[in-house]
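Q: Chain by chain, the residues:
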Amino acid sequence: AQSVTQLDSQVPVFEEAPVELRCNYSSSVSVYLFWYVQYPNQGLQLLLKYLSGSTLVKGINGFEAEFNKSQTSFHLRKPSVHISDTAEYFCAVFSSGGSNYKLTFGKGTLLTVNP
Amino acid sequence: GAGVSQSPSNKVTEKGKDVELRCDPISGHTALYWYRQRLGQGLEFLIYFQGNSAPDKSGLPSDRFSAERTGESVSTLTIQRTQQEDSAVYLCASSSDRNYGYTFGSGTRLTVV
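These protein sequence lines map, in sequence, to chains U and E. Residues in the first sequence are numbered from 1 upward in steps of one, following the numbering used here. Residues in the second sequence are numbered from 1 upward in steps of one, following the numbering used here.
One chain only, chain E, in its complex shape (with noise of 0.2 Å):
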């Protein structure tokens, strides 16, 4: 596609339940990134994929949350036994060159209620 695609592009969830926040990346970028923003908050960087190489998961804030990239193609961010300060939105990026910026989508909007 033309841009980066995220769904569902709102979420509410119970807390305790598990979600799966998925990410279709702009053809032939091969880095993909997950960041959080929370409410009145700058973006918190998630994880990393590019290409075949092991993603940098260090931003990661629990073992609740977990993400799969398929090759070069769609990310799912899951993030198991919701709590309600898991409720943000989550943005994915992808980019050519991480040296020239990424492009974002819109983001999926989590609450847990």
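The following block holds chain U by itself, in its conformation from the complex (with noise of 0.2 Å):
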């Protein structure tokens, strides 16, 4: 089976911080991985994916993810914040071969991002 841990349910910056948000999972195969984010009142929209190939994978809005195999990781990082980041952030991931086809999330990191 497979899980996401997110390590910290709020972080608050401030504007122009860098910020890392945590994730680490676990699953016994191959894995893809993604970053989503949620802003208030809307759906979820793809920040990035990892699927293979380099581990530092860039996504929208300025975001990066390194995906870490020995840790198990694949932490979000931007290193400047603006105050429209504020949202919830989901990492998820789903083992790739089988028959397994569910994204399974994480709780969300609330990014707060103050003045």
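The set of hints was computed from the structure by calculation and includes no laboratory data. Note that the structure is a prediction, hence the values are computed from the model and not measured. There's no promise every hint is true.
[Unchecked claim] Calculated lysine-lysine pairs in the DSS-like style (CA-CA distance at most 25 Å, straight line):
1. K57/E with K102/U
2. K11/E with K107/U
3. K107/U with K57/E
4. K17/E with K57/E
Since each chain comes alone in its own frame, lean on the hints to assemble the complex.
A: As structure tokens, this is what we get:
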């Protein structure tokens, strides 16, 4: 079975500061990894994804994430955040191969950017 | 349409009533998913449709929940005899390839009073 742990339920930061949102996963097989963002009263929007290849993945809005297989992590980073980045961020995983097609989500991290 | 469309966006219902939630996936997307998001929680998988294959209903929490999909288009999620614990945002997503992430709708916020 696969699972996702987002270590921080809330992360408050000041505008223009760097931020890292942590995500760890567990799976017995190869994985695909995703980060989604959910702005207030909206659906989920795909930020970035790791399928294969380079472990550093760049997404929209200046976000990037690094896949670390040995540490089973996929942390999300941004060097300088804006007020508009305030949102809930979800890490998700599913295992390649077999019949598993369900994205398993973490519980989310609420990023609050303060002026 | 350009995105996944869900209706209604908000629904308030009395305990014990039935509700029906609708999802219009992106045209051409063969896979359709329903997830439930309770306040402060992650997304909970409910059901998956892929083309004309039998749906995977393993995530439905009780027999009060059911879902249908017409071919590769619209899907409806029905909750019978709603309970207060059914209050949540119900999200629909579609995908053309399960390995490349899903496109989500804006969700239906269900409140059972």
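Q: Decide if the proposed pair is consistent with the structure: K17/E and K57/E, CA atoms, cutoff 25 Å inclusive.
A: holds, 22 Å
Q: Are K107/U and K57/E close enough, with their CA atoms no more than 25 Å apart?
A: The hint holds at about 22 Å.
Q: Does the structure keep K11/E and K107/U at a Cα separation of 25 Å or less?
A: The given pair, whose Cα atoms are some 24 Å apart, holds under the 25 Å limit.
Q: Are the Cα positions of K57/E and K102/U separated by 25 Å at most?
A: holds, 12 Å
No hint from the list above goes unmet by this structure.
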